[in-house]
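Student: When you get a sec, could you build the whole thing from the sequences and use the hints?
There are 2 protein chains.
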Amino acid sequence: MAANTEIRTGSPADHSGVQFFEGVEKLLEIWFTSTEDGSDKQRDLRNIPRQKWENLLKIVRCEIISFCQNDQVDAYVLSESSMFVSKRRLILKTCGTTTPLQCLEPLLSLVEQYTGFDEVEDVFYSRKNYKRPELQISPHQAFEEEVALLDTFFEDGEAYCLGSVDTDCWYLYTLNKEKCSQTKSDPDQTLEILMTHLDSEVMSIFTRDVCSSAAEATVKSGIEKLIPNMVIDDFLFEPCGYSMNGVMKSGCYMTIHITPEPDFSYVSFESNIPQASYNEVICRVLDTFKPGKFVVTVFANKESVAIDTPKELDQADKLSFGGDWLCHDVQYCRFKNYDLTCAFYSKFPS
Amino acid sequence: MAANTEIRTGSPADHSGVQFFEGVEKLLEIWFTSTEDGSDKQRDLRNIPRQKWENLLKIVRCEIISFCQNDQVDAYVLSESSMFVSKRRLILKTCGTTTPLQCLEPLLSLVEQYTGFDEVEDVFYSRKNYKRPELQISPHQAFEEEVALLDTFFEDGEAYCLGSVDTDCWYLYTLNKEKCSQTKSDPDQTLEILMTHLDSEVMSIFTRDVCSSAAEATVKSGIEKLIPNMVIDDFLFEPCGYSMNGVMKSGCYMTIHITPEPDFSYVSFESNIPQASYNEVICRVLDTFKPGKFVVTVFANKESVAIDTPKELDQADKLSFGGDWLCHDVQYCRFKNYDLTCAFYSKFPS
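Taken in sequence, the protein lines are chains H and D. Mind the numbering: the first sequence is residues 1 to 350 in the working numbering, read in order. Mind the numbering: the second sequence is residues 1001 to 1350 in the working numbering, read in order.
It should be emphasised that the hints constitute simulated quantities derived from the structure, not laboratory data. Keep in mind that this is a model prediction, so the values were computed, not measured. Heads up, the beta-carbon is just placed ideally off N, CA and C, and yes, glycines get one too. It is possible that part of the hints are untrue.
To be verified - In silico DSS-like links for lysine-lysine, alpha-carbon gap of 25 Å or less:
| # | chain 1 | residue 1 | chain 2 | residue 2 |
| --- | --- | --- | --- | --- |
| 1 | H | K311 | D | K1311 |
| 2 | D | K1293 | D | K1177 |
| 3 | H | K336 | H | K87 |
| 4 | H | K293 | D | K1336 |
| 5 | D | K1336 | H | K311 |
| 6 | H | K177 | D | K1311 |
| 7 | H | K311 | D | K1177 |
| 8 | D | K1311 | H | K336 |
| 9 | H | K336 | D | K1249 |
| 10 | H | K347 | D | K1336 |
| 11 | H | K290 | H | K225 |
| 12 | D | K1293 | D | K1220 |
| 13 | H | K347 | D | K1177 |
| 14 | D | K1347 | H | K177 |
| 15 | D | K1131 | H | K177 |
| 16 | D | K1302 | H | K311 |
| 17 | D | K1347 | H | K131 |
| 18 | D | K1302 | H | K347 |
| 19 | H | K87 | H | K302 |
| 20 | D | K1311 | H | K302 |
| 21 | D | K1087 | D | K1249 |
| 22 | D | K1347 | H | K336 |
| 23 | D | K1220 | H | K336 |
| 24 | D | K1220 | D | K1087 |
| 25 | D | K1131 | D | K1311 |
To be verified - These stretches of chain H come out as covered by chain D in the derived footprint (C-beta under 8 Å, 3 or more residues):
| # | region |
| --- | --- |
| 26 | 141-150 |
| 27 | 327-334 |
Tutor: Below, the structure written as structure tokens:
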């Protein structure tokens, strides 16, 4: 997501005078639980007051620019990407030179103070390799530094680098511990598609030159048709850049962030819709944005209807998303609670 | 493999006076081919004279201490592990503070000068994380440094870190390029089991206190029964440590290297025997050495009868090698020419 001018000051213009924007997001997802008996009804991350979230996001170096909600989830569009808060799950996804891991300590304090949760059940911190890591702010310049900080907060944390080290790769930190047997996990699944080298005509839709409103860009690009029945909260930045959150009554979400500049175009798509196969959704996303390269990640736990989708993706010869994609490598991981596949593709040379 | 005293000088005694030995090997496997027509018969890595290998191994900081051969393969026991030379495949596996990547340039010159091969078809450089990386010699202190050097020799090289970054992990550098369609690949498969925290009674077999000869240790430990029909060349070091190469008429090999000291016990098992399932071999190896922790890697290409074994291992819930092993994580990778599974286990707490 390309933010507006004053937010972009963190990324100085390079020697050629082009102002760079790092579209690649840091994605932090934390699930909370309680070790104590008693009514679970009052325990809710949404008990944290709005002002407290705003203070927290200052530490992350971003701010709330739009908000929508339903019974299941509060969805915030941020100056740099998105935040989703539901009963016991927080998703904070921020791009640019934001510093989401700097908010861990105050976040855990807020949760303790306002929500009644006393334990972190699971953590997922992930990101693609940056295009320009040297522009990031500590601890985000290197994955090792991020892991060192995470390790000060969590036991049983493990760090992974999927894909080709230091080139096209995707980093993940997660708690690889057995769930307590008494607590049954909620079904959970996440599909993410991180795209680069995108079609310039498609990208032009997400500029103020071509569209006068976010709604216009949402329709014109076909984003509104990607997943039906989403209530959409979208934002078109000045002079370019686009963010959207979609939420369903079920609590399912989708979120898309677009950095359209040709020199560093980047689009991320993420959703937790439960599906037995993600092949069609992936094809629709690729048809919509026309990337030159992309990485797909699919997480699913044993309780999810999507439990076989990581394996499906792993056998992607059969799928291949329309036929003209070259799969560079695919890694399938079985963790204690989740299965994961991470696969790297590029357009077949024509 | 714990080498004899003068070879161990690379690893100084620590503050407690215990001399450390790094059992973890660097494993370099290179396949050569020719782009030119003409008789393939004269092309053979075994045309390189013995004296040239000895000079090359000086650069690696090890030497030949035993040798056996058959029509298919020359097998060398080294002061630090092993070397196997067949028609077009070189395997150089060295432990301690050896520097196998320093020999790449002279190796490629020798191959050009003596063998008629003019192209590297594939490269696999792999190793487990060291116990004490700070004792290594450049470029082997960090995987990034090893990759940087490899990248100066090979195009299309990609680097992977499987398992948990910087803790229990296994590094791999390989050429992830499509094979030319005109050359059909030889069937190929490699099973490796890298074990730590081994049973002290088993380890004591590999000391001069308990066994007076390598042959005695080979029988007493059960190594001779691991894979039938191997011609065995074994070596028992002074005061402790063990290495063996086994070769079959078919050209298949096995190799085992043992560092028995309780503070840093390490055993590696490797073989390229083609099997449709490695479950029984893995169980026999675990029964023989009784590790507390181990990592298994299986490579197989499409031409191999073992092509389904990486998937089998990936579904290791069904296998679990006797039932009391905890699988920490397992990663299954599809590369262009090979499938690979890498899985980390530890003894279930009793």
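Student: Determine for every hint whether it applies to the structure shown.
Tutor: Hint-by-hint comparison with the structure:
1. K311/H with K1311/D: holds, 10 Å
2. K1293/D with K1177/D: violated, 33 Å
3. K336/H with K87/H: Within the cut-off at roughly 24 Å; holds.
4. K293/H with K1336/D: holds, 17 Å
5. K1336/D with K311/H: Given pair K1336/D, K311/H holds - Cα atoms ~18 Å apart, limit 25 Å.
6. K177/H with K1311/D: holds, 23 Å
7. K311/H with K1177/D: It holds: about 23 Å lies between the C-alpha atoms, which stays within 25 Å.
8. K1311/D with K336/H: holds, 18 Å
9. K336/H with K1249/D: violated, 43 Å
10. K347/H with K1336/D: Roughly 16 Å between the alpha carbons, so the hint for K347/H and K1336/D holds.
11. K290/H with K225/H: Roughly 16 Å between the alpha carbons, so the hint for K290/H and K225/H holds.
12. K1293/D with K1220/D: holds, 22 Å
13. K347/H with K1177/D: holds, 16 Å
14. K1347/D with K177/H: holds, 16 Å
15. K1131/D with K177/H: Since the Cα atoms of K1131/D and K177/H sit roughly 24 Å apart, the hinted pair holds (cutoff 25 Å).
16. K1302/D with K311/H: It holds: about 19 Å lies between the C-alpha atoms, which stays within 25 Å.
17. K1347/D with K131/H: violated, 41 Å
18. K1302/D with K347/H: holds, 24 Å
19. K87/H with K302/H: holds, 21 Å
20. K1311/D with K302/H: holds, 19 Å
21. K1087/D with K1249/D: Measuring from Cα to Cα gives roughly 14 Å; hence the hint holds.
22. K1347/D with K336/H: Between K1347/D and K336/H the Cα gap is close to 16 Å, so the pair holds against 25 Å.
23. K1220/D with K336/H: Between K1220/D and K336/H the Cα gap is close to 38 Å, so the pair fails against 25 Å, i.e. violated.
24. K1220/D with K1087/D: Between K1220/D and K1087/D the Cα gap is close to 34 Å, so the pair fails against 25 Å, i.e. violated.
25. K1131/D with K1311/D: violated, 29 Å
26. 141-150: Held - the region 141-150 of chain H has 3 residues with a Cβ nearer than 8 Å to chain D, which meets the minimum of three.
27. 327-334: Holds: 8 residues of the region 327-334 of chain H have a Cβ under 8 Å from chain D.
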